[in-house]
Amino acid sequence: MSGLTSTISNAVMLSALYALVAIGFTLIFGVGGVLNLSHGATITVGAFTAYFATSVFGLNIWAAAFASMVVGAAFMIAFYLGMVQFVEDQPITVMILTLVMSIVVEEVAKILVGTQPRALPSLVDGQIALLGGVQANRLLAFALSWVIIALLFAGVNYTRTGKAILATSMSTKGASLVGIESKRMYLYTWALAGLLAALAGVFLGSIQTVSWAMGREPLVLSFSIVVLGGIGSIRGSILGAYVIGFLEVFTVSYVDSSLSGLASLVVLVIILLVKPEGLFGRELTH
Amino acid sequence: MVNEDNSRTGRETDGNESGVSSGTLSSPSRRRAFLGSVGAAAAVGLAGCMGGGGSGPSGAFKIGVLAPEPSKNPIGSSIANAAKYAATTLNENDGVLGNDVEVVVKDTHEDPATGKSKYQELTVGEEVDFTTGVFTSEVMLNLMDSIAEQSTVHMNAGSATPDTAKQVKADYEKYKYYFRSGPVNSHYLGQNMIDFADAKFSDLGWDSVAVLAEDYAWTEPVTSVLEDKLAATGVDVPISKRYASGTSDFSPIYDDIESSDADAAYVVMAHTGTSAIVQWAKQQRAFEFGGIHVPMQFPSYYGSVNGANRYAVVQNSATPNAAVTEKTMPFNEGYYDQFDSYPVYTGYHTYDAVMSYVNAATAADSRNADDVIPEIESQSFTGTAGTVSYYGQDQAYPHDLVYGQDAAWPLWFQWQEGDGSGSQTTLWPDELASGSYQKPPWV
Chain X
1 MSGLTSTISN
11 AVMLSALYAL
21 VAIGFTLIFG
31 VGGVLNLSHG
41 ATITVGAFTA
51 YFATSVFGLN
61 IWAAAFASMV
71 VGAAFMIAFY
81 LGMVQFVEDQ
91 PITVMILTLV
101 MSIVVEEVAK
111 ILVGTQPRAL
121 PSLVDGQIAL
131 LGGVQANRLL
141 AFALSWVIIA
151 LLFAGVNYTR
161 TGKAILATSM
171 STKGASLVGI
181 ESKRMYLYTW
191 ALAGLLAALA
201 GVFLGSIQTV
211 SWAMGREPLV
221 LSFSIVVLGG
231 IGSIRGSILG
241 AYVIGFLEVF
251 TVSYVDSSLS
261 GLASLVVLVI
271 ILLVKPEGLF
281 GRELTH
Chain A
1 MVNEDNSRTG
11 RETDGNESGV
21 SSGTLSSPSR
31 RRAFLGSVGA
41 AAAVGLAGCM
51 GGGGSGPSGA
61 FKIGVLAPEP
71 SKNPIGSSIA
81 NAAKYAATTL
91 NENDGVLGND
101 VEVVVKDTHE
111 DPATGKSKYQ
121 ELTVGEEVDF
131 TTGVFTSEVM
141 LNLMDSIAEQ
151 STVHMNAGSA
161 TPDTAKQVKA
171 DYEKYKYYFR
181 SGPVNSHYLG
191 QNMIDFADAK
201 FSDLGWDSVA
211 VLAEDYAWTE
221 PVTSVLEDKL
231 AATGVDVPIS
241 KRYASGTSDF
251 SPIYDDIESS
261 DADAAYVVMA
271 HTGTSAIVQW
281 AKQQRAFEFG
291 GIHVPMQFPS
301 YYGSVNGANR
311 YAVVQNSATP
321 NAAVTEKTMP
331 FNEGYYDQFD
341 SYPVYTGYHT
351 YDAVMSYVNA
361 ATAADSRNAD
371 DVIPEIESQS
381 FTGTAGTVSY
391 YGQDQAYPHD
401 LVYGQDAAWP
411 LWFQWQEGDG
421 SGSQTTLWPD
431 ELASGSYQKP
441 PWV
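Just so you know, the protein sequences line up as chains X and A, in that order. Per the working numbering, the very first residue in the first sequence carries number 1; after that it's consecutive. Per the working numbering, the very first residue in the second sequence carries number 1; after that it's consecutive.
Isolated chain X (complex conformation) (with noise of 0.2 Å):
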């Protein structure tokens, strides 16, 4: 019984972090209509500005993680305002941009630190007698990504901001039409995934290690996690997480160790086959 406790307590507080990368996902395809494949990039951009924090500027790993969310934020930005609103209008140009931009963080991280993974302090050490005994760290990671997603939840439902991104991503005309600019609601979304996802590359970073490579799994899981949710919906998108992160551990715990990215592929397959809109739809189309 305790192997199946703490099967689900990794399953939760998994999912939670999956969370925080799905959401910042499926808010730029929502709202901007863009497939952001360097969403994973700002994952690893995250995490290596909390190790480059710590480990060479001495920062502790609170403030190192609050410089991720803000370099991360102004790499998504920059990346926006530089490059892909050039382009957005014309989808497989933005794949392929974002597709370079997302192998140019990996090799630029390779020639920083080279290839081998490193360590991230933990935000808090010790373990607490809770399910058999959880690390807090883990613990932490999983309720901060909570205070986050709700704090999202009522941003995008109960401020006006919010509100005109939700417009935005309803339909483009109709909030131009209403005086919305969609350029910066496209901005703003740009920058909360780009939070959201150096945030879960600091919590990925401090619970396993920090590598070159680190943000292609999230990258390809937040695929299942979001045509699972409902493209668009973050609700959708939260229950996405937690539906492919319990299966992903307790594949991983019961069936095969090897069989763990391929479960929540067939997800995805099935998913699109059988209920292409997702569990949540999405709210509305351009």
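Everything labelled a hint here was simulated from the structure, so no lab data went into it. Take the hints with a grain of salt, since some may be wrong.
With a cut-off of at most 27 Å between alpha-carbon atoms, the simulated BS3-like pairs for lysine-lysine come out as follows [claimed, not checked]:
id: 1; chain 1: A; residue 1: K169; chain 2: A; residue 2: K116
id: 2; chain 1: A; residue 1: K241; chain 2: A; residue 2: K229
id: 3; chain 1: X; residue 1: K110; chain 2: A; residue 2: K72
id: 4; chain 1: A; residue 1: K116; chain 2: A; residue 2: K174
id: 5; chain 1: X; residue 1: K183; chain 2: X; residue 2: K163
id: 6; chain 1: X; residue 1: K110; chain 2: A; residue 2: K116
Given the structure of chain X, go ahead and fit chain A onto it with the hints provided.
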């Protein structure tokens, strides 16, 4: 930035590389280098022109080095730098057979196809005397036919698969150009884990261990030996698991080990090792940790994982602070003086590989591979990581480095903390021990 792919080191004067500059690459050589990369057919044709000439290469004595990401990966840089250091020491002693020694490094990118094309560039384009290096077993296996076609000796320094020696066994005439100077092949790496278990587990208090191996080709012979022999040493083995190569979250696996009440995880890891050790330490798992763990062999590892490797026990060929032979420490010091860092195991083996070939070529007084091979086969000399000698044709792994107490005999160390930084404290063999085992305080 230096392009390692074309980096060369020759006789050093005034601290500059002067053996060969890019300007001395004659245009025919450039053309040959180009031809070498266009395809196997051209390569075979050119090999036919080159081979069987009887006299072997002429001019500068060239060492062709294949290394993975030599500017980014410590394994690759140790291969490249050890070959350069060997060239430096040889040139200080009048070179080889009266010729200056040059080193040409090519990057395999750990990719079999790239490795093959770079090998062709070295042998056909650069016309090197012999090649050395290669870390990834898949790259090494893909080179075996090219080595046979080029009739140029390759001294493997890094990859551990025994399948290469099996090819030598199956067709000696074709594959006799292949030798492994280190490490011992993965069958013997597994045997060494058995020997360590036999000698030290009772001292460590490990009555029960969970075997954990990453699912890569190189670990298969190791786990096969462990499955056959580990239980016979008297240790209980409740779990023997080969986990997926892409594993990044070890929590589920560690939960299983804790549930089994194993005293330690006895591991076989290279590519996934850092995630595994960092999560073990951060989660303060209730079992000890030891085995083959390639990243933990890196002398500078402690800093890069914030000391997560403290208390882990690791097998290695040689370390910066253990005098495995009388040549180990002078090598460590000379290497450090030249590169401002210490090598990982591939460095010791590459240096031994170069010296092995040079000793044989000198004894044969020839640069022709067919003259040098019998000398390599019969040689036995003290290297930096043990005595270098090779198994004969009638043995299970012909041309592989001989394993044993009087031959290549890996050491085991524990990462311990001293003065705020990590040190590799040797535990075994006893004559090299520099301290005793420390149990992780949370176990």
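How the hints compare with the structure:
{"no.": "1", "hint": "K169/A to K116/A", "in the structure": "22 Å, holds"}
{"no.": "2", "hint": "K241/A to K229/A", "in the structure": "16 Å, holds"}
{"no.": "3", "hint": "K110/X to K72/A", "in the structure": "7 Å, holds"}
{"no.": "4", "hint": "K116/A to K174/A", "in the structure": "18 Å, holds"}
{"no.": "5", "hint": "K183/X to K163/X", "in the structure": "15 Å, holds"}
{"no.": "6", "hint": "K110/X to K116/A", "in the structure": "23 Å, holds"}
Every hint, counting from the list given before, is met by this structure.
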